[in-house]
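Protein chains in written order, with the numbering used here: chain A, 1 to 352; chain B, 353 to 704.
Check before you lean on any hint, since a few could be wrong.
Stated by the list, open to error - Derived, one-sided and incomplete: chain A residues facing chain B with beta-carbon distance under 8 Å:
hint : residue
1    : ASP32
2    : PHE52
3    : THR108
4    : SER171
5    : ILE177
6    : MET201
7    : ILE228
8    : LEU236
Unchecked claim - The list that follows gives simulated cross-link-like pairs (lysine-lysine, DSS-like), each with its CA atoms no further than 27 Å apart:
hint : chain 1 : residue 1 : chain 2 : residue 2
9    : B       : LYS459    : A       : LYS212
10   : B       : LYS542    : B       : LYS459
11   : A       : LYS40     : A       : LYS59
12   : A       : LYS107    : B       : LYS392
13   : A       : LYS279    : B       : LYS459
14   : B       : LYS564    : A       : LYS212
15   : A       : LYS107    : A       : LYS279
16   : B       : LYS564    : A       : LYS299
Derived by calculation from the structure, the hints in this document are not laboratory data.
Beta carbons: idealized from backbone N, C-alpha and C, even for Gly.
2 protein chains.
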Amino acid sequence: MSDPQHLIPHTALYAFITRSFVACGFPEEDADTAAGLMVKADLMGQDGHGVFRLPMYIKRLRAGGLNPTPEFRCLEDRIATALIDGDNGLGHLVMHHATQLAIEKAKTTGVAWVGARHSNHAGPASLYAMMPLEHDMIGLYVAVGSANHLPPWGGTEMLLSTNPIAVAVPSAENPPIVLDMATTVAAYGKVKTAAQRGETMPEGWMIDRQGKPLTDPTRASEGFLLPIGGPKGYGLSLIFGILAGVLNGAAFGRDVVDFNADSETTTNTGHFILALDIKAFADPDVFRADIDRVWAEVKSSPRLPGFDDIRLPGERLDRVTQERTANGIPLTGALRAQLDEMAASLDIDPLL
Amino acid sequence: MSDPQHLIPHTALYAFITRSFVACGFPEEDADTAAGLMVKADLMGQDGHGVFRLPMYIKRLRAGGLNPTPEFRCLEDRIATALIDGDNGLGHLVMHHATQLAIEKAKTTGVAWVGARHSNHAGPASLYAMMPLEHDMIGLYVAVGSANHLPPWGGTEMLLSTNPIAVAVPSAENPPIVLDMATTVAAYGKVKTAAQRGETMPEGWMIDRQGKPLTDPTRASEGFLLPIGGPKGYGLSLIFGILAGVLNGAAFGRDVVDFNADSETTTNTGHFILALDIKAFADPDVFRADIDRVWAEVKSSPRLPGFDDIRLPGERLDRVTQERTANGIPLTGALRAQLDEMAASLDIDPLL
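So here's chain A without its partners, still in its complex pose:
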């Protein structure tokens, strides 16, 4: 069932995304920043969060649901915290700004927490958690997801999103450890992919409104995603939604706009980034060597039958990034066709 794949050089993809945004009225610098982050998502293997989302962003820009020329405002400012109003700009731009601010503050204070409201979908969580790494800092990012896919534990009203968390920690000889996870067993993108491929879902991904396992992904709208660890994942999704949404004055619960179904209504998406300066706790070189020891310990554990390797979070991301930087980014024929159509409608040069 797989589409023929085309390998696209990341530089070509970057140029295409840039001109798409410029055609929609983005200032050149913002188009560059957003394109750089989106291509990075594709390079990292986050196929559901890179250029795959571009047609939806463009649709939203043209429908007036996304501001191409946002002016960020700092609504609250303390030594180690800030609250940013994203003026309904693309989430990548809002969180790029917020993360830079958190890094600057943490250089002095040791830790900084910057929240944002009136933002939008920002791609994969790991993008922002990884930005502090080059400053000898640890990053922690949380977002309210852009559509509600799960009810509170025991309920049937979809009040919660997959609210992801990402944490990135540097090492010396190994890739950084990068945890990037939804608080549900499966992300909703995996359900969509299973439907496209005509596959059955394993039990445990979703249940229907009677609480019975739902394994047919074409019936996804009749049920809900399941949180990891049952009530625990529900609790994580709730708390992350409060910290990234409610605290920032951003949407949560019934106020969350399903950005797949609605391109016009302001989403008021909330996120936060925490930057933690390693130097406030340890010599960064010593710490990175300690993380290498963690790698070595984990890798050397004897294995369960059926496992040929033990992976650390971020290991695949690093390998895929290297492969795709060298060889290009695979795009399905269906996505290529969609991007060609979008290019024609924007009257810009197509991807290649």
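Once you have looked at the hints, place chain B on chain A.
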């Protein structure tokens, strides 16, 4: 199989724990602080983390594995961060000190992160996450667990602990939302309880060294706890262990001492507390009213068959605290006998 339960007034339990610690050489003030926190754990219904642990703490104090007169040192100090050396004191005292410091710092900075090394078991995570609440702050606490019970995903060497997280958020009319969870499906205490009661565990709590479900709790030593969401819970446990352990220069991985099996070796337990000032983001009254709306939305969701209520994290904790404050704390006959024996050996008055 249930033991006859005795209801003990919390004031009596507090006095007993205080004199136990004083008999072991604690300064009066430290004995008071530790007893207050331990009784609070019992009041909250955290039966496995309150006075239940006292005999083990006393055993460790008498074996020289715990310092009754620690002098805390601030090893690193930045405007919004600190690293505390707990001098092998009781974890409650170390984290009480660290949390007070985080609260003081966050009053100025908006957020503060205080880590600790050379600490010990500190009782339930929620104790510390809740301390910032009375200062209009949100608390977030993470610890390295005091014994390794799970391997990395796909492995068989128990390199990781249940590494819990707790987050507490205030409301106006409702109890605070308090998430307090291990990163495993079941805490190890639940396995021990099932064994005591002669019960079978559900599939999904543990697996054996072949990766097969382990449901007989008396065979717990032949297998491992399972992380929530499989590789996701493994990732959370790993990252929390790095933030609370490695970053602080505390034990992690092969260095973790099983404090159930060994009362003499210094555990070098690590934890951290984050205090976040709500006033740096919102008017606390508005925020608390927003959290009441979250309560109302969640409670009003239609329910799945078989559920007669939808609970928020912290709801049971609040109800149990009220009941036990009024009526007393239930202790099993077995625990009473253990405490009586301990009192005799310390030459102090028994519990009642």
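Verification of the supplied hints:
no.	hint	result
1	ASP32	violated (30 Å)
2	PHE52	violated (22 Å)
3	THR108	holds (7 Å)
4	SER171	violated (10 Å)
5	ILE177	holds (7 Å)
6	MET201	violated (15 Å)
7	ILE228	holds (3 Å)
8	LEU236	holds (7 Å)
9	B:LYS459 - A:LYS212	violated (48 Å)
10	B:LYS542 - B:LYS459	violated (38 Å)
11	A:LYS40 - A:LYS59	holds (22 Å)
12	A:LYS107 - B:LYS392	violated (38 Å)
13	A:LYS279 - B:LYS459	holds (22 Å)
14	B:LYS564 - A:LYS212	holds (24 Å)
15	A:LYS107 - A:LYS279	holds (9 Å)
16	B:LYS564 - A:LYS299	holds (22 Å)
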